[in-house]
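Chains P and F, in that order, give the protein sequences.
Our numbering runs 40 ahead of the 1-based position in the first sequence.
Our numbering runs 63 ahead of the 1-based position in the second sequence.
Hints listed in this document are in silico derivations from the structure and should not be mistaken for laboratory results.
There may be inaccurate statements among the hints.
[To be verified] Chain F stretches covered by chain P per the calculated footprint, using a threshold of three residues with CB under 8 Å from any CB of chain P:
(1) 129-135
(2) 315-321
[Said to hold, decoys possible] Here are the simulated BS3-like pairs of lysine-lysine, each with C-alpha atoms no more than 27 Å apart in a straight line:
(3) F:Lys68 - F:Lys307
(4) P:Lys98 - F:Lys118
(5) F:Lys417 - F:Lys379
(6) F:Lys308 - F:Lys292
(7) F:Lys379 - P:Lys98
(8) F:Lys275 - F:Lys459
(9) F:Lys68 - P:Lys98
(10) F:Lys472 - F:Lys217
(11) F:Lys111 - F:Lys161
All C-beta atoms in this analysis are idealised placements derived from N, C-alpha and C, irrespective of residue type, glycine included.
Listed below are the residues making up each chain.
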Amino acid sequence: MNAIVTVVGQDRVGIIAAVCIRLASLNINVLDISQTILQGNFTMVMAVDISEANVSFKEISDTLSELGNDMGLSIRIQREEIFDAMHTI
Amino acid sequence: MLNRKEILSTIEMIDQQHLDIRTITMGISLYDCCDGDASAACAKIYDKISRYAEKLVTTGEAIEIEYGIPIVNKRISVSPIALIAAASDIPDYIPFAKVLDRAAKNCGVDFIGGFSALVQKGMTKADEKLIRSIPEALASTELVCSSVNVGSTKAGINMDAVGLMGQIIKETSALTSDRDGLGCAKLVVFCNAVEDNPFMAGAFHGTGEAEKVINVGVSGPGVIHSALKSVKGQPLDVVAETIKKTAFRVTRMGQLVAREASERLGTPFGIVDLSLAPTPAVGDSVARILEEMGLEVCGTHGTTAALAMLNDAVKKGGIMASSSVGGLSGAFIPVSEDEGMISAAERGTLCIDKLEAMTCVCSVGLDMIAVPGDTPADTISAIIADEAAIGMINSKTTAVRLIPAPGRKVGDRIELGGLLGSAPVMPVHSESSSDFICRGGHIPAPVNSLRN
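Whole structure, please, built from the sequences with the hints as guidance.
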């Protein structure tokens with residue numbers, strides 16, 4: 041099952057590393073990363089495969105928001121279908 | 064494979080434009096709960112609701128987390144209780160309201176609808192008992208919502224029921240006078256009520272529905288408003304196109320959630336209701352969409368035209384996005400629940416007469432409007448009759464949810480709390496409609512050709 045992780049906030053050293061380390065610890069594979077600075081904000085969108093994750097979706101979501109809080113970023117994970125549904129026919 | 068712009072736009076809609084699923088409503092048939100013994104019937108009702116809706120809230124919450132989309136309410140609608148309670152020989156149906164309340168609390172849902180009677184053609188003894196039980200039922204329960212259908216295009220308008228409902232609304236207000244007449248916020252009087260409406264207070268599980276069903280109501284005035292900011296000053300056909308595209312996106316999300324909830328709960332998917340349902344939050348207002356189109360204040364001349372276009376464009380965009388559309392599907396204009404409507408009413412630009420005109424072209428009707436506490440019951444009945452006539456003639460659903468606020472006068476404001484918001488007390492005409500309402504009887508069904 042694929043999901044989308046989005047990270048938005050003030051740019052700083054080590055954001056991608058920190059997010060990837062956390063995902064790796066949950067046994068989540070990163071499929072694609074797209075990152076840019078949008079209107080001064082660090083903005084990253086990652087596609088990940090969570091089918092082999094070692095915890096539940098809620099725990100993944102909680103641990104990522106916790107990491108976001110620690111780093112002053114907004115980090116969320118959502119199942120990919122919501123974006124497909126809204127933007128493709 | 065990633066389209067960053069689309070992903071971020073979805074997140075912005077949820078974060079900043081109040082995009083949400085307003086409700087997942089499980090409809091449950093209670094016909095097999097009828098029993099000559101009222102307490103046995105109540106026990107069966109409690110068991111059945113608890114069994115069917117046991118996982119409704121946890122499933123809704125799981126979907127919220129996985130898709131990152133807020134689902135504001137989880138609700139239950141049941142078969143009209145007048146039909147279920149008819150078998151039980153008791154003087155009033157308050158025990159049925161109480162058991163619905165208990166079952167709803169046990170399941171953890173926000174509201175339960177279906178303390179209802181359908182009396183467009185005539186009233187059975189059970190219908191009348193139910194209607195006369197409404198004031199106490201709503202005063203003594205928290206989550207129960209009630210509705211009465213008094214008219215339809217096929218049957219005409221039952222004016223005896225209209226007359227009775229004016230009194231019932233006044234009694235309901237009086238019994239909840241310590242809460243500014245809050246009971247009336249849970250009572251709606253319909254013409255052409257729909258059987259698959261997921262929205263409260265008017266939801267009930269219709270007689271033509273399956274054993275159980277999942278209906279979903281979407282929302283999204285903030286998203287439409289925000290989209291319209293990008294087409295400032297452009298012609299209205301561009302505005303209509305923009306609304307259509309946005310409504311499509313919003314509805315697709317509703318369809319996804321509905322399908323997912325239906326699968327997880329092992330319950331057939333019923334419909335997606337394409338309504339634009341405002342909340343009292345700033346940035347989630349239907350009135351502000353109309354103002355964005357170029358009206359200085361909602362309620363001024365041009366409002367009906369702007370609303371007609373909004374309502375139609377929402378439907379056009381939404382219909383393609385869902386495999387099954389139903390319910391009320393249109394723009395809601397509940398005054399107390401819409402920050403822009405409250406502001407327009409307080410300025411005096413938006414009055415009941417204009418709201419009545421607006422209901423000719425949009426979903427539902429005179430909704431969540433506070434009127435002075437001393438408004439006579441006959442005047443309330445006459446307002447219901449006007450609204451029912453609009454529904455009957457135009458073959459659409461109309462409704463009245465008025466709150467005669469005890470002890471309050473025009474210019475006061477009542478606080479209803481939560482999604483119900485706060486309502487400025489609006490003036491009604493002081494001239495009497497009493498002799499008209501006292502005639503009672505029936506307004507015959509209209510002719511459906513020679514339409515002008």
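We went through each hint and held it up to the structure:
no., hint, in the structure
1, 129-135, "holds (count 4)"
2, 315-321, "holds (count 4)"
3, F:Lys68 - F:Lys307, "holds, 20 Å"
4, P:Lys98 - F:Lys118, "holds, 17 Å"
5, F:Lys417 - F:Lys379, "holds, 25 Å"
6, F:Lys308 - F:Lys292, "holds, 14 Å"
7, F:Lys379 - P:Lys98, "violated, 36 Å"
8, F:Lys275 - F:Lys459, "holds, 25 Å"
9, F:Lys68 - P:Lys98, "holds, 26 Å"
10, F:Lys472 - F:Lys217, "violated, 38 Å"
11, F:Lys111 - F:Lys161, "holds, 15 Å"
Taken one by one, the earlier hints fail for this structure at numbers 7, 10, listed in ascending order.
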